[in-house]
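As you go down the protein sequences, you meet chains A and B in turn.
Counting from 1, one number per residue, gives the positions in the first sequence under the UniProt record's numbering.
Counting from 1, one number per residue, gives the positions in the second sequence under the UniProt record's numbering.
Incorrect hints may appear among the rest.
[Stated by the list, open to error] The calculated label-pair distances, taken between Cβ atoms and stated as ranges, are:
id : chain 1 : residue 1 : chain 2 : residue 2 : range
1  : B       : Gly-129   : A       : Gly-45    : 43 to 51 Å
2  : B       : Gly-146   : A       : Thr-36    : 54 to 62 Å
3  : A       : Ala-33    : B       : Asp-14    : 29 to 37 Å
4  : B       : Ala-119   : A       : Thr-42    : 30 to 38 Å
In short, the hints are calculated from the structure, not lab data.
Computed from a predicted structure; not experimentally measured.
Beta carbons: idealized from backbone N, C-alpha and C, even for Gly.
There are 2 protein chains.
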Amino acid sequence: MNGRSESTRTRSRDVEGALVDAAEAVLVREGAAALTVRAVATEAGVAPMGVYNRFGSKDGLLDALLVRGFRRFEATLRSNPEVLPLPRLRACGQQYRTFALANPRFYELMFQYAGSLDAHSQELDAAGGAAFGVLVENVVAAQAAGGIRPGDPAELAQLIWSAVHGAMSLELAGRTLTPDPEASYENLLELIVEGLQTRPAEHG
Amino acid sequence: MNGRSESTRTRSRDVEGALVDAAEAVLVREGAAALTVRAVATEAGVAPMGVYNRFGSKDGLLDALLVRGFRRFEATLRSNPEVLPLPRLRACGQQYRTFALANPRFYELMFQYAGSLDAHSQELDAAGGAAFGVLVENVVAAQAAGGIRPGDPAELAQLIWSAVHGAMSLELAGRTLTPDPEASYENLLELIVEGLQTRPAEHG
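Next comes chain A alone, as it looks inside the complex (with noise of 0.2 Å):
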């Protein structure tokens, strides 16, 4: 009973992701608007009931795939060269570009899509959040070395966060105006440190 029913378990996880597998193809291929049922179920060569099967709704299988993206995501923020705070923070910065370029579809459903999906899964909460939280760990490295200023490193987080996704949303949009969107990228990343190493009552 026991083998049988992890054997079952196995089988629908590997069922699941097979239509994930589908969908991030779709997505790849064509973009956030052609993910549909019918298109990822082609894809996998399944009728569409299977895909309403295993995830409910195309909402469900939307919230799967932005699972993985935010997994690839966080994994890619973690993969910092650096050591020292500050140059990790500058790195993490580097690197949410490089992911953004390299997977410019995924971005764009991540952060422009996801928020009109109806509901979240927890563990679409749990994923993001933990991406997120490679910044604010970032920071708060950088404030404990003394790199930057005191204060929420949530709040500092969200203002690195806004900053390099208006960038790298201008930037994937072919919306930049400046000629070389890397060297602009990089002057952002210096205006914000720069603006970080500044405490607010300086200016008071």
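Using the hints provided, position chain B relative to the given structure of chain A.
Quick look at chain B alone, frame taken from chain A:
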């Protein structure tokens, strides 16, 4: 003859204006994805061919709608209550948020969908450039007053734009992770102004 041709041109502009009004109504009510030639024609009470005759294609209609959006955006950025350069630069950032919150669907169309147009009119390039130009002017004035560091004003304006665009994209998508988006936005403006007051050489 002259009188007749002028009144013909006036009528033609009226019709185009009415179609752009209809497109704006559809956009505001249903979002950018609902902007089809058919929907706009129905809204305006004309046949779809009436839209094609005036604008050539859906992209031509979107182009005209985007011109209107960027002109409104420029007007918002210019209606700046501050006179002194540095407060004026900061107020420009606040008005950016004001526009985005008051015109969320327009904002989305202007900064997410616009990149997907196959071609832009010169008029649209000019309208977008003029809106960005307000930010550049404010940077130049703040530099002249010694409030922020020297450097290519368009490059600095791009950094500011990236940051505020990121914050507003996340806020409009309900993705801001801090509890008070307005306070976080003010913190972001503070961070930018502080970063721009630091001369890179000081950290070099």
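Results for each hint:
1. B/Gly-129 to A/Gly-45: 43 to 51 Å: holds, 49 Å
2. B/Gly-146 to A/Thr-36: 54 to 62 Å: holds, 56 Å
3. A/Ala-33 to B/Asp-14: 29 to 37 Å: holds, 35 Å
4. B/Ala-119 to A/Thr-42: 30 to 38 Å: holds, 32 Å
In summary, the structure agrees with every hint in the numbered list given earlier.
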